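**Q** One-letter residues, chain by chain:
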Amino acid sequence: MTHWITTICFIALLISGGEIVISHPRFYWGETGNDLTPVLFKIPIPSSRNLVPTGYGYVLPDQNGWSRYLHFEAAWAAVLTGIVYAIWGFLTGHFRSNLFPAPTDRKWGAFLDVIAKHIRLRKSDEADAFSYNVLQRAAYLIVIFVLFPLVIWTGLALSPAFNSAFPAGVNLLGGRQSARTLHFLVSVILVLFLIIHVAMIVSAGFASRMRAMITGISVAPAQQTEEERT
Amino acid sequence: MNKISRRKFVTTGLAATAGVSGVAAAASLAKRYGLLPPDSGGVFGPGETLTYAAQRLLTKHSLAREFPRTMISKVPFPNEMPPLSDDFKRFQAGAFADWRLTVDGMVARPVSLSMSDLRSFPQRSQITEVVCEEGWSYIAEWIGTPLIEVLNASGILPQARYIVYFSMDPDWWDSLDMADAVHPQTLLTYAMNQGDLPVSFGGPIRMRVPRQLGYKNVKFINRLTITDSIKSFGKGLGSASPEGGYAWYAGI
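Quick mapping for you: the protein sequence lines, in order, are chains G and A.
Just add 1137 to the spot in the first sequence (first one is 1) and you have my numbering.
Just add 3 to the spot in the second sequence (first one is 1) and you have my numbering.
For the record, the hints were derived by calculation from the structure and aren't laboratory data.
Source: prediction; values computed, not measured.
Some clues are possibly wrong.
As the list claims (entries may be wrong) - Below, computed lysine to aspartate or glutamate pairings styled on DMTMM-like, alpha-carbon distance capped at 25 angstroms: (1) LYS238/A with ASP1199/G; (2) LYS234/A with ASP174/A; (3) LYS34/A with GLU246/A; (4) LYS1179/G with GLU1156/G; (5) LYS1179/G with ASP174/A; (6) LYS77/A with ASP1172/G; (7) LYS234/A with ASP107/A; (8) LYS63/A with ASP174/A; (9) LYS92/A with ASP199/A.
Unchecked claim - Residues on chain G that point at chain A, a partial pick, calculated with CB under 10 angstroms: (10) PRO1162; (11) TYR1165; (12) LEU1173; (13) ARG1186; (14) TYR1206; (15) ALA1214; (16) PRO1297; (17) PRO1304; (18) ARG1317; (19) ILE1338; (20) SER1340.
Unchecked claim - Derived, one-sided and incomplete: chain A residues facing chain G with beta-carbon distance under 8 angstroms: (21) GLY50; (22) LEU66; (23) LEU216.
We put the beta carbon where it would ideally sit given N, CA and C, even for glycine.
Chain G extracted, bound-state conformation:
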């Protein structure tokens, strides 16, 4: 349930965030930055604002109004859902038993095993249908406990009112423009994770994974075919 709310929120945040970036596709480091200051990097796209020197001869329509409303509403929904998920995850032991690497896997060799298996294109074990391997566990842990908190932190550091109450939030990141750049970069990493995440589900059998995610019941491939025959 929390997963699907998060999915909707993530897509909403991605679309609206993209729209907001279009109004100023230039990124800076430090406290300040604008059309008159040097960039750290810029995205080679046209802008929805006239004054941005993009090199393109035209200006895109301004979509920031609804994008901003949607971005913040989706952010609230995502954060509230995340809190519910985190409480549930700790109470039920989901993090401990399903996401933290199993005791035998807490060494670098375990990572190498999984990577080697993938490189040799070996078919996954039957056990993989029921639990995550160590590489997956590490990826999920990084997303949940590093990237999500980071994207929330860098996002909050863009709020002038929030910064007035908690100035350390933005100062620790190196200033407002650094926070904005980091917010963008973390979002890019999350999108890359999303692409791999979806690709893995497709390769593991879209129908069976979706059934498992929606009903909570996991069926191993062999068992599944047998069931379908009956």
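Assemble the complex: chain G is given as a structure, and chain A must be docked to it using the hints.
**A** Relative to the frame of chain G, chain A by itself:
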């Protein structure tokens, strides 16, 4: 077959009911304590209300970051402006000697202030950042009169809830709640970086609200109206911004 237990159905149902009634209770509480923004209707209302309510509870008295003089932007960025009207150009030609700031509505003594009247009020300067919703920013020193000084001088009535401020540019008007109106950093700015406030930055008078985004910092201010209800201004959404699709509260 799918073995979703009855218990799971019951708990999900209970959680959903609790969630919905929780939201309803929160909305009525928000209204009671003045935590509903004027643009709290519509699909984006819940998000806006959460933001506004949370920040009013967290940031009532907090001060926007002020910076050392060395961090003032060498070349501040003047944003794009619509063409100036002929009326405005006449004021500009006269060095704004005839410019008036009128204060009316729920005040004991409506006044009309000249620039020199405004300059006779207590002065405050601050080195703060202008942050645009598009993403860019710059730092400047802003010099002016705290809004509260002008409000007090005209005898603001206790039932006041919003300060509505108007620009010479008829498309642009906005409003502040009392928390931001009495905030010491909310300035009627008339000077910037050791000179008069340039027209390109909103001169002769610009509302400076450093805890909110740039678009709340309306240029060419010529009228303040104090009111207990925002409903009768424009479409009743608190400012020109929501009418153009942007949030009234710009503290994010």
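**Q** With reference to the structure, classify each hint as holding or not holding.
**A** Structure-based check of all given hints:
no., hint, in the structure
1, LYS238/A with ASP1199/G, "holds, 22 angstroms"
2, LYS234/A with ASP174/A, "holds, 18 angstroms"
3, LYS34/A with GLU246/A, "holds, 22 angstroms"
4, LYS1179/G with GLU1156/G, "holds, 15 angstroms"
5, LYS1179/G with ASP174/A, "violated, 32 angstroms"
6, LYS77/A with ASP1172/G, "holds, 13 angstroms"
7, LYS234/A with ASP107/A, "holds, 17 angstroms"
8, LYS63/A with ASP174/A, "violated, 29 angstroms"
9, LYS92/A with ASP199/A, "holds, 17 angstroms"
10, PRO1162, "holds, 9 angstroms"
11, TYR1165, "holds, 8 angstroms"
12, LEU1173, "holds, 5 angstroms"
13, ARG1186, "holds, 6 angstroms"
14, TYR1206, "holds, 4 angstroms"
15, ALA1214, "holds, 8 angstroms"
16, PRO1297, "holds, 5 angstroms"
17, PRO1304, "holds, 5 angstroms"
18, ARG1317, "holds, 6 angstroms"
19, ILE1338, "violated, 19 angstroms"
20, SER1340, "violated, 24 angstroms"
21, GLY50, "holds, 3 angstroms"
22, LEU66, "holds, 6 angstroms"
23, LEU216, "holds, 7 angstroms"
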